[in-house]
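Student: Residue strings, one per chain:
There are 2 protein chains.
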Amino acid sequence: MSGKGTPETLYFKDNMLHLLDQRLLPNKLSYRVCKSPEEVAAAVREMSVRGAPAIGVSAAYGYLLAVIEAKEKGFTGTDFFSHIETAFNTLAGARPTAVNLVWALQRMQEKLEHYRDCSAQMICLEMNKEADSIFAEDYRNNMLIGKHGSALVEGKSSFLTHCNAGALATAGYGTALGVIRASHEEGKVLKVYADETRPLLQGARLTAFELMEEGVPVALITDSCAGSLMQQGKIDLVVVGADRIAANGDTANKIGTYSLAVLASYHWIPFYVAAPLSTIDLSLVTGQDINIENRAAEEITSIGREKVAPDGVEALNPAFDVTPAGLIRAIITEKGVVHEPDRDKIEALFHNW
Amino acid sequence: MSGKGTPETLYFKDNMLHLLDQRLLPNKLSYRVCKSPEEVAAAVREMSVRGAPAIGVSAAYGYLLAVIEAKEKGFTGTDFFSHIETAFNTLAGARPTAVNLVWALQRMQEKLEHYRDCSAQMICLEMNKEADSIFAEDYRNNMLIGKHGSALVEGKSSFLTHCNAGALATAGYGTALGVIRASHEEGKVLKVYADETRPLLQGARLTAFELMEEGVPVALITDSCAGSLMQQGKIDLVVVGADRIAANGDTANKIGTYSLAVLASYHWIPFYVAAPLSTIDLSLVTGQDINIENRAAEEITSIGREKVAPDGVEALNPAFDVTPAGLIRAIITEKGVVHEPDRDKIEALFHNW
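Residue numbers (my numbering), protein chains in the order written: chain A, 19 to 371; chain B, 19 to 371.
A few of these clues could be false.
[To be verified] Reference excerpt, derived from the structure (chain A facing chain B, CB under 7 Å, subset only):
hint, residue
1, ARG216
2, ALA237
3, ILE239
4, THR240
5, SER246
6, GLN250
7, GLY251
8, GLY274
9, VAL280
10, VAL326
11, ALA327
12, GLU332
13, ASP339
[Unchecked claim] Restraint ranges, calculated between C-beta atoms of paired labels, are given here:
hint, chain 1, residue 1, chain 2, residue 2, range
14, B, VAL51, A, TYR29, 50 to 60 Å
15, A, THR104, B, PRO25, 48 to 58 Å
16, B, ARG63, A, PHE368, 54 to 64 Å
17, B, GLU324, A, GLU26, 42 to 52 Å
18, A, TYR29, B, GLU26, 52 to 62 Å
19, B, GLY205, A, THR104, 25 to 35 Å
20, B, GLU26, A, SER320, 38 to 48 Å
21, A, ALA314, B, GLY251, 20 to 30 Å
22, B, PRO235, A, THR304, 25 to 35 Å
23, B, GLU317, A, GLY354, 39 to 49 Å
[Claimed, not checked] Now the stretches of chain B that chain A is said to cover, found in silico as 3 or more residues with beta-carbon under 8 Å:
hint, segment
24, 49 to 55
25, 223 to 231
26, 236 to 246
27, 317 to 328
28, 333 to 343
29, 358 to 366
If you are wondering where the hints come from, they were derived from the structure by calculation, not from laboratory data. It should be emphasised that the depicted structure is a prediction, and the values quoted were computed from it without experimental measurement. All residues carry an ideal CB built from backbone N, CA and C; glycine is no exception.
Bound-form chain A, shown alone (with noise of 0.2 Å):
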């Protein structure tokens, strides 16, 4: 471990968002420059910044580039918001599967609606504001969620997970991963099994990288050593993020996650979802709903610059899978734990606040 802790997923500065090129990790540490909301959409679509919650708040800051752009080139009235919408349709569009990118880019619309007569500067002004809490927000749920799930944790244990979903994923501290960090604060943390997470490693790439970073003690594993180490006893809970989660429930992850649920079940390991309110979709009753990313074939039958299978091969590469509500042991959110989740204990999420 370096214990350099980990970097900043993002920060805007200048009038320009800074994205840690996360598909350069672990092998450089650079940032993204995006100067036009076309070019965080760009970001998002090639993954340079991925995981719902970062996702998110880079729309939000893309948003807040586009009012800029929109008052710098001096339109008013239809033109200047006709300016904003066109981004927010390129933004709404980069990736289709993880919720937060539109719940973002929806808040940042409905504050644009509460300052629509207000003079340029002021609405730039009060943009920002509203990204930045956006950025702040998600970072203290994390922290939030990782409270909440530790005290899940008993006692000394060994946790798996999958994909990204840390600091790296999020504003900073991470939802999977905040409630190790914040299982690991309480010296609750024996050993993280990371799934590498295939095809585009994000946990040998990241996981392996933030955890190292923050002197967590991680193993990385193959996709397929997960069943077998829980066989032999070695998992005592598994814990993932999420990309939406429909009112029932029902979670759309990482390609795998499913597969994982299906595993803890049947070793009776408890299975944790752990993701902020933003990343429930109420408009989808099930997780059928959910539209899952289909990404190109070159993700799978090429790595880095060596083809690793024959020229033509059909390849399928969905991005995510989806989860039953009925193999998820529990999902952990800023508002609290919602046990066996359901519809209604979904719901009641959002009415009490």
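With the hints as your guide, set chain B onto chain A.
Tutor: Relative to the frame of chain A, chain B by itself:
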């Protein structure tokens, strides 16, 4: 598909064992030439040749090379046999899990005992015949496994397979892929989903290659996608090979096999193991006694020339896991199908020749 057919896994010619270097597939078709038992052991250890039956056949020829060496060096009496014994041990230690390795060596040794008092010339001739028999029997057994397995397939079906238990893992035709080949010949294959099989990607590099060469419809997936496809009803049956089967039917096979067996059980999908009797180790009471090889962390932390994990990260890399017999619908052998395998049914296989 190229339709050229799968290249030969190995052949013995001019007192040299030619092994298709599978580490270079599918990008390069090149044979590694072994002139000594040590060179064969190195090729097995470095996985130029892999797959339990192919390892067994290679070991038989490695043993033959030791006999030829002993003859060419003019060894007689104890020197002759101790030279061969040293080679036996070197070959037997190349990899620990596939029992076919030791099975083939023991069979060669028994034959040698039989010709102990003959001339070196005669011994060489007979040992060459024995190695050729092991090769030919493996091929023939796979054809029978294919025939028995395809009889289990009802109508046009979608298969899932893991790693490579194909022609490339055997003398030819394959075990699990033998079942798929035979089913394809009978028009019963809708599609084969091939797990890429991390860390060494035998599914992407070998199985996808082999099935395309044979004109069998194949789609490559990441290992963690299999559960989601089962959830969606896209998999009708799972068929895999084996590296060692204990007396009670517990089966060691490529890491990830156990997870697939649990997932198949959860989704009521038949899970089949296809393997010759030479893979069954009656000396082991249960799968708990199987020695599981742990391989280098670098197989996970680097891919080709690319580093994909932080420096110094711990990585667990067991090459195999053990699937309990209770999760196996049937073991498909050259002697017939063992439904719901247990100790008695497996023992009966060996008595009813």
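Student: The structure should be examined with respect to each hint, and the outcome stated for every one.
Tutor: Status of each hint after checking the structure:
The restraint placing A/ARG216 at the interface with chain B holds, with a minimum CB-CB distance near 4 Å, inside the 7 Å limit. Checking A/ALA237 against chain B: minimum C-beta separation of about 4 Å stays under 7 Å; hint holds. Below 7 Å, beta-carbon pairs count as interface contacts, and A/ILE239 has one with chain B at about 5 Å; its hint therefore holds. Using the Cβ-Cβ criterion of 7 Å, the hint placing A/THR240 at the interface with chain B is satisfied: the shortest such distance is roughly 4 Å.
For A/SER246, the suggested interface contact is upheld, since its CB lies about 4 Å from the closest CB of chain B, less than 7 Å. Using the Cβ-Cβ criterion of 7 Å, the hint placing A/GLN250 at the interface with chain B is not satisfied: the shortest such distance is roughly 9 Å. Proximity of A/GLY251 to chain B is violated relative to the hint, the smallest CB-CB distance being about 13 Å (cut-off 7 Å). Interface hint at A/GLY274: satisfied, since its Cβ lies 3 Å from the closest Cβ of chain B, which is below the 7 Å cut-off.
Here the hint on A/VAL280 is kept, as its CB sits about 5 Å from the closest CB of chain B, short of 7 Å. The closest approach between the C-beta of A/VAL326 and any C-beta of chain B is roughly 5 Å, which is under the 7 Å cut-off, so the hint is satisfied. A cut of 7 Å between beta carbons decides the hint on A/ALA327: the least distance to chain B is about 4 Å, and the hint holds. At its closest, the beta carbon of A/GLU332 sits 4 Å from a beta carbon of chain B; the interface hint therefore holds under the 7 Å criterion.
Because the closest C-beta pair between A/ASP339 and chain B is about 4 Å apart, less than 7 Å, the hint holds. A C-beta distance of roughly 58 Å is found between B/VAL51 and A/TYR29, which places it inside the suggested range of 50 to 60 Å. Checking the proposed 48 to 58 Å range against A/THR104 and B/PRO25 shows it holds: the Cβ atoms sit about 55 Å from each other. Restraint check, B/ARG63 to A/PHE368: a C-beta distance of roughly 59 Å satisfies the suggested window 54 to 64 Å.
For the pair B/GLU324 and A/GLU26, the beta carbons lie near 25 Å from each other, so the given range of 42 to 52 Å is not met. Between A/TYR29 and B/GLU26, the C-beta spacing of about 58 Å keeps the proposed range 52 to 62 Å intact. Distance hint check for B/GLY205 and A/THR104: the Cβ-Cβ separation is about 53 Å, which falls outside the suggested range of 25 to 35 Å. In this structure the hint that B/GLU26 and A/SER320 lie 38 to 48 Å apart at CB is violated, the actual value being about 27 Å.
Between A/ALA314 and B/GLY251 the Cβ separation comes to about 25 Å, which falls inside the hinted range of 20 to 30 Å. A hinted range of 25 to 35 Å holds for the C-beta pair B/PRO235 and A/THR304, which are about 32 Å apart. Separation of B/GLU317 from A/GLY354 is about 42 Å and conforms to the stated range, judged on CB atoms against 39 to 49 Å. Note: the segment 49 to 55 of chain B has 0 residues with beta-carbon separation from chain A under 8 Å; the three-residue rule is not met and the coverage is violated.
Using a Cβ-Cβ cut-off of 8 Å, 4 residues of the segment 223 to 231 of chain B lie near chain A, which meets the minimum of three, so the contact claim holds. Counting residues of the segment 236 to 246 of chain B whose beta carbon lies closer than 8 Å to any beta carbon of chain A gives 11, which reaches the threshold of three, so the coverage claim holds. A count of 10 residues in the segment 317 to 328 of chain B with a Cβ less than 8 Å from any Cβ of chain A is obtained; the coverage claim is therefore met, three being the minimum. Closer than 8 Å: that is the beta-carbon criterion, and the segment 333 to 343 of chain B has 6 residues meeting it against chain A, so the requirement of 3 holds.
Residues of the segment 358 to 366 of chain B with a Cβ under 8 Å from some Cβ of chain A number 0, which does not satisfy the need for three, so the listed coverage is violated.
Hint violations for this structure: numbers 6, 7, 17, 19, 20, 24, 29, all remaining hints satisfied.
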